[in-house]
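Produce the complete structure using the sequences and hints provided.
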Amino acid sequence: MQVLILAGTTEATALARLLEGHPRLDGTVSLAGRTARPARSNLPQRTGGFGGVAGLADYLRTNRMEAVVDATHPFAARISTNAAAAARQAGVPLAALERPPWEPTAGDHWIPVADLDAAAEALHTLGHRVLVTTGRQELAPYERAPDKHYVIRTIDPPEPPPALPDAAYIQDRGPFDRDAEAALMDEHGIEVLVTKNSGGDATRGKLDAARERGIPVIMVERPARPEGVPVHHDPAAALQWLEDLAAGGHSASS
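Residue numbers for the sequence shown follow the UniProt record's numbering, beginning at 1 and rising by one.
Because the hints were derived from the structure by calculation, they are not lab data. Nothing here was measured: the structure is a model prediction, and the numbers come from that model. Note that CB positions come from ideal geometry on N, CA and C, so glycine has one too. Honestly, I wouldn't trust all of these hints.
Said to hold, decoys possible - Taking CB as the label site, the calculated pair distances span:
#1 Q89 <-> A168: 44 to 54 Å
#2 V231 <-> H22: 14 to 24 Å
#3 Q89 <-> P146: 37 to 47 Å
Dropping the structure here:
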């Protein structure tokens, strides 16, 4: 059975590796091409967009894809919406694979917000020195709070760089453990953390370090998944869904 994995996360890479050499599942990995050094598997790989819903639907038909796993970042809302629409058009089953979101624990001071615009607004009443870990492509909203000192950490250099008068930039790739995050916060005198609820263990250390220091966390919540798309929270469950489909099992639809 031909499977398309819309990738870009550690979960996508883990699923791809589970498909390597699988007797019934032939996977193809699709990457958006936005990260300079993506993690790779040994499956066939394509890079770049599809040209919207129609382009993806055409790709699914032309390449005789029989299942799609949307394992993109939980905040890649446009890709997920397009994938759901294209899968419906092409008549191809679709499931999502995403890590569970983080949940606050005792001692956390989280300020949940719907998007980055709301995150920037929330900064006005908080501390001066801000650690930003929300990605390199959506930094413009912070221009609405130009009086802060920003420490902006991204995997690749920001594009375009925001027009911020007082900002330091760090390029680094996780995982980041609690001790490393604590050292970073102490070095820069961080008073506020802004992050997206990406989930997973690789970058959870910043939340632990913030809690220990009493640092408030502006938490950008995930956008909703398209309606009707089953969601799996670990690669093994997504693999089981695919194997059920390949076997003609009824559990693949739920």
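Outcome of the hint check:
In this structure, Q89 and A168 meet the distance hint of 44 to 54 Å, their C-beta atoms being roughly 46 Å apart. About 22 Å separates the C-beta atoms of V231 and H22, a value consistent with the hinted range of 14 to 24 Å. Between Q89 and P146 the Cβ separation comes to about 44 Å, which falls inside the hinted range of 37 to 47 Å.
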